[in-house]
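K.L.:
Next come the chains, spelled out residue by residue.
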Amino acid sequence: MNDFVGTGALVRLALRRDRILIPIWIVVFVMTAAGSAKATMDLYADPKALVDAARTSNASPALVSLYGRIFDESSLGEVSLFKLTAFGALLVGLLGGMLVVRHTRSEEESGRLELLSAGVLGRYAALASALIVSGATVIVLGLLTALSLMGSGLDTKGSFAFGLMWAAAGLSFAGVAAVTSQVTESARAANGLTAVVLGVAYVLRAIGDSSADGSTQWVSWLSPIGWSQQVRAYAGDRLAVLLVPLVFLAVLIAAATALIRRRDLGAGLVRPRPGPPRAAKSLRSPLALAWRLHRGSLLAWGFAFLLLGLLVGNIASNVDGFVTSDSAKEMVQKLGGVEGITDAFLATEMGMVGLLASAFGIQAALRLRSEETALRAEPLLATGVSRAQWLASHVLMALLGTGVLILVAGLGSGISSGASLGNMGRQVPRMLAASAVQLPAIWLVTALVVILFGLAPKLVTGGWALYGVFLLIGQFGEIFNLPQWMINLSPYGHTPRLPGGDFSVAPVLWLTAIAAALIVAGFASFRRRDIG
Amino acid sequence: MTSAIVVSGLHKSYGSTHALDGLDLEVTTGEVHGFLGPNGAGKSTTIRVLLGLLRGDAGDVSLLGGDPWHDAAKLHRRLAYVPGDVNLWPNLTGGEVIDLLGRLRGGLDEKKRDELLRRFDLDPTKKGRTYSKGNRQKVALVAALASDVELLILDEPTSGLDPLMEEVFRQCIEEERQRDRTVLLSSHILSEVEALCDRISIIRRGKVVETGTLADLRHLTRTSIQAELAGSPNGLAELPGIHDLDVQGNRVRCEVDTAKLDAVMRQLSASGIKSLVAQPPTLEELFLRHYEDDVPAEPEAAVR
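Keeping their order, the protein sequence lines are chains A and B.
Counting from 1, one number per residue, gives the positions in the first sequence under UniProt numbering.
Counting from 1, one number per residue, gives the positions in the second sequence under UniProt numbering.
One chain only, chain B, in its complex shape (with noise of 0.2 Å):
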């Protein structure tokens, strides 16, 4: 397995302020990565970086095998890149730009151009000022996609366009994916992520602070279980890796590390279980575990 994208150690500072404070990512070929933080947590710095549009302070970053700030051009023929923020030149229409972009970057397939065309029903012939934010990422969108490349850098390509649109999106990232492209899609959306992506990697204050495949990352979360029991629980409370237990005569509640589904599953049934409900973890806890100090504390906990 060869890797699109390494970036190991990566700083880089505005005056005083630490955009990316010693990034470490790692991007496999042939994978859709998702890339998870909030806004200002430094994902579009560390994509400029990879786009050789910024130069970072110190840390190593390889693209497709190169280095992006000398090999920048050379590079960027392999790769479409959706920014965040998409802007279009006001007197050029959108088919033009699709087709201007497609072409510095080495070519367009035209069937997939007409094709993505019709399903993200966008009107190539209205001019560049006259779209709306969502059309102007879609104009984006379709010349990223109708390129012939091998590696996409998508910066929330979703923020601006509807639920119709986003199931597209969503289709045309899985057959990016069955073609063995490379996706780097940044996002702060999770069921995106989740729904797309084979390894994510959540970024917080500039640093990767968790990254794995979703099923890795789940078993950092904990399982939440609800059962009612034929008859009373018992041993429950001295099994590792449970937390929350609340048990009312035959009914228990609790939360379970995943790892640790395991034992606590045969515990219950052992008691024999009559009903059982047990919730995943979702994308949502796992963030918000790692984001809960972001959140402002509360005004007592900031007393004490």
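Bound-form chain A, shown alone (with noise of 0.2 Å):
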């Protein structure tokens, strides 16, 4: 039992930190829960409504591969929450997996840990709290949650199937997150960890979804966001299936406790080996430093979007195989067909790529702050390096490297689409067109980040707030019955559908516009501030 002391000390020093972060992550998530689950039943008051929505949705490979199957076509609870079960596991994954790296590899990081472990304190204990503290926050997340959607209305038992559901997601990942931290010796390099763990299950349980005749629905199960939408809430609820996610759990902190006999603190798996004594001839500007520093998480996006990209072309090939009843041929035939109906998958993916690239940029643009407040900056800009310099050359890494990411997406599409339908010369230029739309959405709200960075430094992470805000508008804004106004508030829903759809040059036009001239204020305003 030495190995855990300190453990409870360790629990209340981290709820004491997080005091305000857990509660607001929880309220967030059981407030969308319940809003969607209310405004969908006002949406679909008439069964029979309820059951042609519920088709539609199959039959759409955008859908289904965004979202998954609705199992029960006729279950309100199922067809109301359906955007929120995948989608909304993996979120709650990332809450998990987050709180686990942030009061284990980070602490470790900082030093911090090692303050602690001279005192009284178990091998285990700072893993064994964080699992706690992220454990119990999903857990209870999950249990209100389901007790919001029985405020609802919706019936009891697929409620607490709903709720549990994610709560298991959010263990499965906080077991992912204490591997990982144990794995890496920076607290990026976990949360990345993580995070990439994450899209591969999500990527995976989008394959089994998609699979129009069932010969790869078991891919799913390789993927905890799939045994989540396993447990089918509202369409059976299979309580058992969610043995499968404790299971893994188990595992992960079996081979997580492993991992920490084997290794000294402060330190990885991996060994820092040594690197060059001397700088290569290149690395003799702010822009060098910046791109060395940003070069390996861009690689290593780059690597996932391409297959993103190949996988989202790769599906839409297959669409004509979700149409198979008449009255769905019918629907295929009045949205333009079934290149219209790929196009428009091909359209939706695209803007969740763009969704998925500006996280991207706005971590870019925060690594500023970052340098900054861990005093990196200041030697930089005692040399001369002048401060426009500085903050242009990770500007640029931000700008250019969602540009990099979402046009290798476009054409990983461009080329798996253009191979399976046969006709690659055409597909490829108009995969890089949709793609590259995107970008102006992504650049503003990179550029929200920047214009933060100089005029509220304390504030720069409210990027990811704002960012949040525009992810849920674009969601379930129409659901929520948002006034207009609202609505237009997010840039991503400015952005011209494409390919298939209008392009009209206006939007296009005003969004680079409005975000070259927030990053112009950013640089103004930074120029005039304090560093440090």
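Accuracy of the hints is not assured; some may be wrong.
Stated by the list, open to error - In silico EDC-like cross-links for lysine to aspartate or glutamate, where the CA-CA straight-line distance does not exceed 20 Å:
hint, chain 1, residue 1, chain 2, residue 2
1, B, 74, A, 530
2, A, 157, A, 264
3, B, 112, B, 180
4, B, 133, A, 52
What the hints assert, rightly or not - Restraint-style ranges between C-beta atoms, simulated for each label pair:
hint, chain 1, residue 1, chain 2, residue 2, range
5, B, 198, A, 303, 52 to 62 Å
6, B, 60, A, 119, 22 to 32 Å
7, A, 468, B, 284, 15 to 25 Å
8, B, 112, A, 280, 17 to 27 Å
The set of hints was computed from the structure by calculation and includes no laboratory data.
None of the values given here were measured: they were computed from a predicted structure.
For every residue, glycine included, the Cβ atom is placed at its ideal position computed from N, Cα and C.
Taking the hints as your guide, dock the two standalone chains into a single complex.
P.N.:
See below:
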């Protein structure tokens, strides 16, 4: 038991530190679930309308790959919440994983854990306390979600199945983060690895769900997010499936503790190798340094975006496999034939890829602040580097990086959809254009971080909050019946839907101009403020 | 004589705390200037204003003849800075950081770089995140000392170094003095400042309270004298500048204002000196004299 001494104290410390963060996350999830249920129930008061909506959704490859299948087309609860099943599980997983990294590797990297470890603290205390905090958070989140769904008028068993499958996703990724935190030396890398696993899990379930003939449905079972879907809340409530993530968590905890036994405090599993004693000739400008700092993450993201693009293009070529029933065929004709529906699918997916690329832009721009607070900006700004040059180096990485990512995804989707549809020459330029039009909105969101950095550096992480708001507006704005002016606040809503949709220049120019103005204002305000 | 740094009446506050409260500082070109004060006195804030990282609320600041806020980048090519807290990029090696910082300042003396690496016993192939605090500081020191610049601004550069490395650092600064480079050395280590600096400014609560050569400042302090005399001492108590006089038979103990030392010695030798111990004033005493108000008062004094 000595290995766990001090766990309780660390739990209290973590709860004290996160006393605002955790409740906010919980409230956001609970409100989103309850609000979404309520809004959809009002929308489909008529059972026939409900079934029609469910059929349309199941016939749309875009929706199925994005959100998953609706197992019971007549279930009010499932149709109301299917957009939050896999997607919500992804976000709860992100929360569960992030909390574990925050209280293990981040603490270790900063040296704070060393301070505590010199006191009476067991070897596993940090991990145990992080898992307790993270696990309790997602379980409370799940239970409150269940209660709020019951409050919205959905049935009890289904509501608990829904809340618990969210919690299960959180637990799975808390386990994943417990392992990644042992493997890497930096919290950034541990979070990155967890995010990669999340991304892979989401894609695996997309492959399983999109299987038109059912031959690859088993792939979903390789994914923790797939397990959450397979609980089938409001459509059978298979609570036994929840055992799978629990076993998964137990295995990961065993792995993490085995790793802890093998390593020193502060070290990762991978021993850092010595590097070059001299800098490369090219490392002689702030831009060269920024490239050096961002290139690792850009390469990883780029690889992921290429795969994502290839996958999206590949699913697009199977779209007609979804169209089996006569009513669906009729609907497809109305939507502009198979090409129309393929294009609609690709346009939706490109929008999602644009959202993902924005996360890179925000993260890259936030590097400015972390460099400043880690006191790494100061020595640079005490050389011949001007503030504008230094700021420009990271802003360029964010802007060009997102450009590269989105074009790589466009290229990948163009190649794979073109190859299977047999019109590569046409599809590649179309998809490149479809990806390029996402850029102005991505840049605008990145620019918001830049101006926050200049004007109110302490609030700079508010960039993520704005991003979250835009995401919610885009996903749920119409369901919630938000007024049009609010829906218009999200830059993503103004992006032309390509391929297939109408292209108008005006919104693209406007978005770009606003982004440029924000960046210029960010530069101007950064030149006037104190560093540090 | 020109001045590398002239600061007059500098104010800087963060919210309700006044970090700098009318600070004056002058560093003459070619001197090693000690900037002495306890933690939180405003040393680093002053240095950050000098580097144009912070903007003073009021007062004039001139650095190498320019305005550090407006001409920051231009002036920075002529100086090198070692921060008190050195943080390196986790995935860059020490050698890479030295080269990068040197190049961004406009050049590095290659021979000196190698020599300094050897003298400071620094492995340039290790990654930033694997260096200890002292080694991170060495990286910044090597980058600064190997740069071809007129002015070195060093903010508590030895706080993480072991005594051996501190000695190497002192030698390096001695060499810089011989090359007529200007050095502003902030420190709270008195012996270091005493050993290295031509002139010293003592800062307290955002103000410079004393400035001058060590000899100037010694004038302000007392030499302690213990003497055994041939005859009984007389007339000592009437002399100006004598304190804490303690006479027991032919033995005398006292503290003497250094400026008045001559008269006291005459008086003593008039009685015939058999043995004499004179303790020169230390910077420590001077320092403590200025800060005794800041040291928490004794409980009984607090009641009064």
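K.L.:
State for each hint whether it applies.
P.N.:
Verification of the supplied hints:
no.	hint	result
1	B/74 <-> A/530	holds, 18 Å
2	A/157 <-> A/264	violated, 46 Å
3	B/112 <-> B/180	holds, 17 Å
4	B/133 <-> A/52	violated, 66 Å
5	B/198 <-> A/303: 52 to 62 Å	holds, 58 Å
6	B/60 <-> A/119: 22 to 32 Å	violated, 50 Å
7	A/468 <-> B/284: 15 to 25 Å	violated, 57 Å
8	B/112 <-> A/280: 17 to 27 Å	holds, 21 Å
The structure is inconsistent with the numbered hints 2, 4, 6, 7, although it conforms to all the rest.
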